[in-house]
Amino acid sequence: MFSKQEQRSWIKIECARGRTARQCHRGLQEVCGESALLCRTVARWVTAFNKGRQNVTDMRRPGRPSVSEDEVYAVAAYWTVIYAIRFVSWP
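With the first letter of the sequence shown counted as 1, position 73 gets the number 73 in the working numbering; the numbers rise by one all the way through.
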């Protein structure tokens, strides 16, 4: 229904209106139903916005980025073809 980023934007607006985390969560549940962010997650975002955070996107984290298996197979297939073209002699 609504993406996480859209829900965070809504939380940010509600924080500016002085709403509590519980009130924000209830509002999200009314609109998003099962796809609403968890109450604890809403509380974390409310705290962050009340401390002055402006950005609603996730912050980059250290570590290896996640990659789908499809991407891994596509890259493997690409390099297999490149290897075959370069190193296999054609009759």
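Worth flagging that the hints you see were computed from the coordinates, not collected in a lab.
Don't be surprised by glycine CBs; every beta carbon is placed ideally from N, CA and C.
Among the hints, a few may not be true.
[Said to hold, decoys possible] Straight-line Cα separation of at most 16 Å, EDC-like style, residue types lysine to aspartate or glutamate; simulated pairs:
1) 51 with 14
2) 4 with 34
3) 4 with 58
[Unchecked claim] Here are the simulated distance ranges between beta carbons:
4) 84 with 54: 34 to 44 Å
5) 26 with 52: 40 to 50 Å
6) 54 with 79: 40 to 50 Å
7) 84 with 39: 33 to 43 Å
8) 74 with 47: 15 to 25 Å
9) 68 with 32: 20 to 30 Å
10) 76 with 30: 38 to 48 Å
11) 40 with 76: 35 to 45 Å
12) 54 with 20: 14 to 24 Å
13) 32 with 58: 36 to 46 Å
| query | What hint numbers does the structure not satisfy? | reply | 4, 5, 7, 8, 13
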